[in-house]
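Engineer: Quick note, the sequences are listed as chains A and B, same order.
Going left to right, the first sequence walks through residues 1 to 271 as the numbering used here numbers them.
Going left to right, the second sequence walks through residues 1 to 271 as the numbering used here numbers them.
Worth flagging that the hints you see were computed from the coordinates, not collected in a lab.
Glycine included, C-beta positions come from ideal geometry on N, C-alpha and C.
Misleading hints may appear alongside valid ones.
Computed beta-carbon distance windows for the label pairs [what the hints assert, rightly or not]:
#, chain 1, residue 1, chain 2, residue 2, range
1, A, N140, B, R112, 43 to 53 Å
2, A, R23, B, A13, 39 to 49 Å
3, A, G71, B, A67, 38 to 48 Å
4, B, T100, A, T100, 40 to 50 Å
5, A, A141, B, P127, 29 to 39 Å
6, B, Q113, A, E70, 43 to 53 Å
7, B, R180, A, E179, 52 to 62 Å
8, A, G71, B, E164, 54 to 64 Å
9, A, R23, B, A67, 35 to 45 Å
10, A, R98, B, A141, 19 to 29 Å
Taking beta-carbon pairs under 10 Å as the criterion, some of the chain A residues facing chain B (in silico) [claimed, not checked]:
#, residue
11, A66
12, G69
13, P128
14, A130
15, V131
16, R171
17, F217
One-letter residues, chain by chain:
2 protein chains.
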Amino acid sequence: MSDHPLDEALRLAPLDVGRFSGRTTPEYWNMGGPFGGVTAALVLKAVLDHPERRGRPVAQTVNFCAAVGEGPFEIAARLVRDGRSTQHWQVEMTQEGRGTVTTGSVVTGAERQTWAHAAAAPPQLPPPDAVPQMDTAGRNAWLSQYEFRVLEGRTDFQLEPPGEIASAASRLWVRDRPERPLDYAALAALADTFIVRILLVRGYFVPVATVSLSTYFLADEAALARQGARPLLGLADARAFRHGFADQSAELWADNGTLLAVSHQVTWYRD
Amino acid sequence: MSDHPLDEALRLAPLDVGRFSGRTTPEYWNMGGPFGGVTAALVLKAVLDHPERRGRPVAQTVNFCAAVGEGPFEIAARLVRDGRSTQHWQVEMTQEGRGTVTTGSVVTGAERQTWAHAAAAPPQLPPPDAVPQMDTAGRNAWLSQYEFRVLEGRTDFQLEPPGEIASAASRLWVRDRPERPLDYAALAALADTFIVRILLVRGYFVPVATVSLSTYFLADEAALARQGARPLLGLADARAFRHGFADQSAELWADNGTLLAVSHQVTWYRD
């Protein structure tokens, strides 16, 4: 049995303590480089695979410094601070001839049971089966690695301006395709599956890129195991587009109403 | 005329290219270390003061690795990637005997005029003059360096649980005290003035700390200049508190309705 394409894309071979080699895979190719969610998952995986890592992911920031090229890369995780309740990590991804293409920071934390409170609740959505799958044929490869069932938010983009401004908000069900039990690396990638909001708002293709992405993991291992391979409820929106940059925020909810992760990014656009 | 206390706290003496020394000041002292917003502003200032820096701040992430002690510190900014539209920076703050206490990443970008769209709008609030100032006497020093005019959100915390769960949301006017014209460093600090949400929700003091903070700057220099020293409209909320960690998000709006910055953080709490 061959590996899931995500595990294939996240395969890291150790070169030294905390230093790994990997390579991009065609399944997750985007426009001019690999899907940023896989890069985020690789940053996380370099930490998870480090022998000194303790605890589960709490937060990660990924800075997309330069386009990642097709082919091999190296990724190195360094433990900056080993505290009682958290570990702080720095990660750097490099490619021969390109230098540093991605930097990241990751915080891991001990699993603890504490006082808990759900300040926010997910919206009521029809069940996944009641929502048709988005057609990803003929689009950037990575889109076909996910099953999107979209209830709100434009999913088709024109080559010319449609002349109307639309909402930046999306509500959808999303999961890996083929199905795969949820883990933190998959969750890190899913957090970046929310298409750059300016495409929804303007309705046509303009050059875009994610500049920096921060994801907070609010679930323990048990919550991910409970969710398994079923679709997650995803919400995304943006607040402002100005001076060539925009923000966007996303939430990923388990289908039992537990918030698994929140993710924020700043995106670059031209024109 | 003496400097504004914020400029005093942000004073950096160059040691080498991109390496500076500074020291904590009592005015911005918090419970067990300096106010995190000043640390965030120092991370930004180390980049802004670097001779190779081009463009204005777009994004910053600050990881609070360990408590910053009273006294001197060093802070170093390193240009990781110098791209056409963005520069990517890594910053590290160290203290003798404590090692690395803070890490950060900063993205700067060229000032550009592009298509713009305000997807979100601020709520209508009564003008600052109509809202009484929060009394900060007898509380952690840094609170007195800001003028808070709070319309929504608990501001007084008990030593014992009041037994009621309150909302995590705040709406307020906020600015530096004494007044100071807005700039990016001040904005970076203001983004962290939203008290850790668990205190609002539970209503009493539990040990808390910000783990990681990311702020996106959506305004150009001209927008900051237009705002000047007048109060900003601040909004903050949180989504989930679980397993000893919680998220929170904040928005800072100019009084003309322009979104100046959004900020997200993950916080640690005990019990």
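Engineer: Each hint should be assessed against the structure and marked as holding or not.
Structural biologist: Here's how the hints hold up against the structure:
1. A:N140 <-> B:R112: 43 to 53 Å: violated (26 Å)
2. A:R23 <-> B:A13: 39 to 49 Å: Holds, at about 45 Å.
3. A:G71 <-> B:A67: 38 to 48 Å: For A67 of chain B against G71 of chain A, whose Cβ atoms are near 43 Å apart, the range 38 to 48 Å holds.
4. B:T100 <-> A:T100: 40 to 50 Å: With a Cβ separation near 19 Å, T100 of chain B and T100 of chain A fall outside 40 to 50 Å, so the hint is violated.
5. A:A141 <-> B:P127: 29 to 39 Å: violated (53 Å)
6. B:Q113 <-> A:E70: 43 to 53 Å: With Cβ atoms ~34 Å apart, the hint is violated.
7. B:R180 <-> A:E179: 52 to 62 Å: Because 55 Å falls inside the window, the suggested range holds.
8. A:G71 <-> B:E164: 54 to 64 Å: About 58 Å separates the Cβ atoms of G71 of chain A and E164 of chain B, which means 54 to 64 Å holds.
9. A:R23 <-> B:A67: 35 to 45 Å: Since the Cβ atoms of R23 of chain A and A67 of chain B sit about 41 Å apart, the hinted range of 35 to 45 Å holds.
10. A:R98 <-> B:A141: 19 to 29 Å: Cβ of R98 of chain A to Cβ of A141 of chain B: about 47 Å, so the range 19 to 29 Å is violated.
11. A66: holds (6 Å)
12. G69: violated (14 Å)
13. P128: violated (22 Å)
14. A130: violated (26 Å)
15. V131: violated (24 Å)
16. R171: violated (15 Å)
17. F217: holds (8 Å)
The structure fails to meet hints 1, 4, 5, 6, 10, 12, 13, 14, 15, 16 from the earlier list, while all remaining hints are met.
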